[in-house]
Amino acid sequence: MSLLFYASILNLIIVLVVVVVVVVVVVVVVVVVVVVVVVVVVVVVVVVVVVVVVVVVVGSLTEYTTIVFIFTFST
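Numbering of the sequence shown is given in the numbering used here, commencing with residue 1 and proceeding in unit increments.
What the hints contain is simulated information worked out from the structure, not anything from laboratory work.
Since the model is a prediction, treat every value here as computed from it, not as a measurement.
Ideal Cβ positions, reconstructed from N, Cα and C, are used throughout, including at glycine.
Incorrect hints may appear among the rest.
Okay, the calculated beta carbon distance ranges per label pair [claimed, not checked]:
1) Val28 <-> Val50: 30 to 38 Å
2) Val27 <-> Val53: 35 to 43 Å
3) Val19 <-> Val41: 26 to 34 Å
Go ahead and model the full structure; you've got the sequences and the hints to work with.
Have a look at this one:
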């Protein structure tokens, strides 16, 4: 009777350890996926902001040089 009792306790402990390990692995995978998604979103936002800034700066510079060019040749 006591041997069967100890065996069932050992079995319960093994099941609990397996469940805890599976839960920890799932949590780690979810955290890694969330971190990767956040990093990708941040990189995309930074790239979009840089592209917009470059387009605005180049556009304003082109507009400015066009105005200077027209002004220079009109006088």
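Structure-based check of each hint:
Checking the proposed 30 to 38 Å range against Val28 and Val50 shows it holds: the Cβ atoms sit about 33 Å from each other. Against the hinted window of 35 to 43 Å, the Cβ-Cβ separation of Val27 and Val53 comes to about 39 Å, which satisfies the hint. With their beta carbons about 33 Å apart, Val19 and Val41 fall inside the hinted range of 26 to 34 Å.
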